[in-house]
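A.B. asks: Sequences listed follow chains D and R, in order.
Counting from 1, one number per residue, gives the positions in the first sequence under my numbering.
Counting from 1, one number per residue, gives the positions in the second sequence under my numbering.
Hints in this document: simulated from the structure, not taken from any laboratory.
Among the clues, some could well be false.
It does not matter which identical chain is meant; a pair holds if it fits inside one copy or across any two.
[Claimed, not checked] Simulated crosslink set (DSSO-like; lysine-lysine; CA at most 30 Å straight-line):
#1 K120 - K75
#2 K11 - K159
#3 K159 - K120
Number of protein chains: 2
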Amino acid sequence: MSSYIPDPVIKRLPMYYRYLSEKEKENTLFISSTELAQLMGLTASQVRQDVSAFGGEGRQGCGYPVAEMRHHIGKLLGKSKVRTLTVIGMGNLGRALVRYETFSQNSFQIISAFDTNPKKAGIRMGAVTVRLMDELEETMREAPADIAVLTLPASAAQKAAERLYACGVRGFWNYAPVDLHLPQDAAVVSVHLDESLELLGYRLEHNEG
Amino acid sequence: MSSYIPDPVIKRLPMYYRYLSEKEKENTLFISSTELAQLMGLTASQVRQDVSAFGGEGRQGCGYPVAEMRHHIGKLLGKSKVRTLTVIGMGNLGRALVRYETFSQNSFQIISAFDTNPKKAGIRMGAVTVRLMDELEETMREAPADIAVLTLPASAAQKAAERLYACGVRGFWNYAPVDLHLPQDAAVVSVHLDESLELLGYRLEHNEG
Numbered sequence: 001m002s003s004y005i006p007d008p009v010i011k012r013l014p015m016y017y018r019y020l021s022e023k024e025k026e027n028t029l030f031i032s033s034t035e036l037a038q039l040m041g042l043t044a045s046q047v048r049q050d051v052s053a054f055g056g057e058g059r060q061g062c063g064y065p066v067a068e069m070r071h072h073i074g075k076l077l078g079k080s081k082v083r084t085l086t087v088i089g090m091g092n093l094g095r096a097l098v099r100y101e102t103f104s105q106n107s108f109q110i111i112s113a114f115d116t117n118p119k120k121a122g123i124r125m126g127a128v129t130v131r132l133m134d135e136l137e138e139t140m141r142e143a144p145a146d147i148a149v150l151t152l153p154a155s156a157a158q159k160a161a162e163r164l165y166a167c168g169v170r171g172f173w174n175y176a177p178v179d180l181h182l183p184q185d186a187a188v189v190s191v192h193l194d195e196s197l198e199l200l201g202y203r204l205e206h207n208e209g
Numbered sequence: 001m002s003s004y005i006p007d008p009v010i011k012r013l014p015m016y017y018r019y020l021s022e023k024e025k026e027n028t029l030f031i032s033s034t035e036l037a038q039l040m041g042l043t044a045s046q047v048r049q050d051v052s053a054f055g056g057e058g059r060q061g062c063g064y065p066v067a068e069m070r071h072h073i074g075k076l077l078g079k080s081k082v083r084t085l086t087v088i089g090m091g092n093l094g095r096a097l098v099r100y101e102t103f104s105q106n107s108f109q110i111i112s113a114f115d116t117n118p119k120k121a122g123i124r125m126g127a128v129t130v131r132l133m134d135e136l137e138e139t140m141r142e143a144p145a146d147i148a149v150l151t152l153p154a155s156a157a158q159k160a161a162e163r164l165y166a167c168g169v170r171g172f173w174n175y176a177p178v179d180l181h182l183p184q185d186a187a188v189v190s191v192h193l194d195e196s197l198e199l200l201g202y203r204l205e206h207n208e209g
């Protein structure tokens, strides 16, 4: 499990997990590399390479065992643990994420939410009550979060990330349009919505041209 | 402008655009490949390759002209045009996106929003009034959208995308946890939030291990 898996394969693991979960729900026992490739939008040979890279095993003449492979990927993704989340910034996006139910189905649990605006403090949203940023350190001592969801303006994100890191938070799901600079043992995954939309603008322009 | 630019470079264009915009606001006239590389988290040689791939030009001994290069990338990204957006699905995420102000600053304009729930029809959200999906075809004839933002359950996304395609929509910003199958002249960019969070879970697991 600790062996090296190339980054592009890691990025595809959640998608493998999603499709294998669907197949398991349909009571499919085995799946071929060809079928998996079609679902994933890859070639069969790429699927075989991926599977070999993440340590999955097929059975001669049957294909890949769906439940077993899903379980294996789940372990790689750390799905056996419940990860606790704190949402920092209760703007439109923060409020949407706090109410997003799918996370909890996937072993992620939102346990707190913060904002700098006193008017928002004390308001119940989803399963949590919004607290003021002043209470961050105290709250993290009492109920530590594994992951901070940063839905803050770009100007406030780095400073908030550093405070959270000092509180022991090591996972950062960053929606602020800025790249965070944190020590090496912090794991950062950014979702830059504006850039994603601009990429779509490029593709549209290109297709039309 | 119609020459081939590799996909990884295209994906970095919005980030180049963002940093060059910041530099232009600071009245910086020229920027070196080294400084740009630091901002972007790349090597200087990679920046030089990127710039050469997207057709930017440096000036001997000065570096890259900030305003000129930003303008060039803006043209590549189709920023001279205003793109119209329609949001399909007024759940938590759809409601957040409809109110997200940054898009309009970036030449994207939300002009309509739809839901299947009659209770949501007629409600004003952000700059638009929610309509029923029954009115989709009629609305698209009167006010065509360039891009559909799909914030729908996975089970409804493909069918909605096909209806929108039939209405002439060619850009799809897909938040549904499903891969869309559309004709080649459709441009699709997906934001799979669950997969992004699961990737963070993997990195966290791996860092701890």
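A.B. asks: For each hint, tell me whether it holds in the structure or not.
C.D. replies: Evaluated hints:
1. Taking identical chains as interchangeable, the C-alpha atoms of K120 and K75 are never at most 30 Å apart, the minima being 38 Å within one chain and 41 Å between chains.
2. Taking the closest pair of Cα atoms, K11 and K159 come within 30 Å of each other both inside a single copy (28 Å) and across two copies (27 Å).
3. Only within a single protomer do K159 and K120 lie at most 30 Å apart by alpha-carbon distance; the minimum there is 21 Å, versus 38 Å between protomers.
The earlier numbered hint that this structure contradicts is number 1, and it is the only one.
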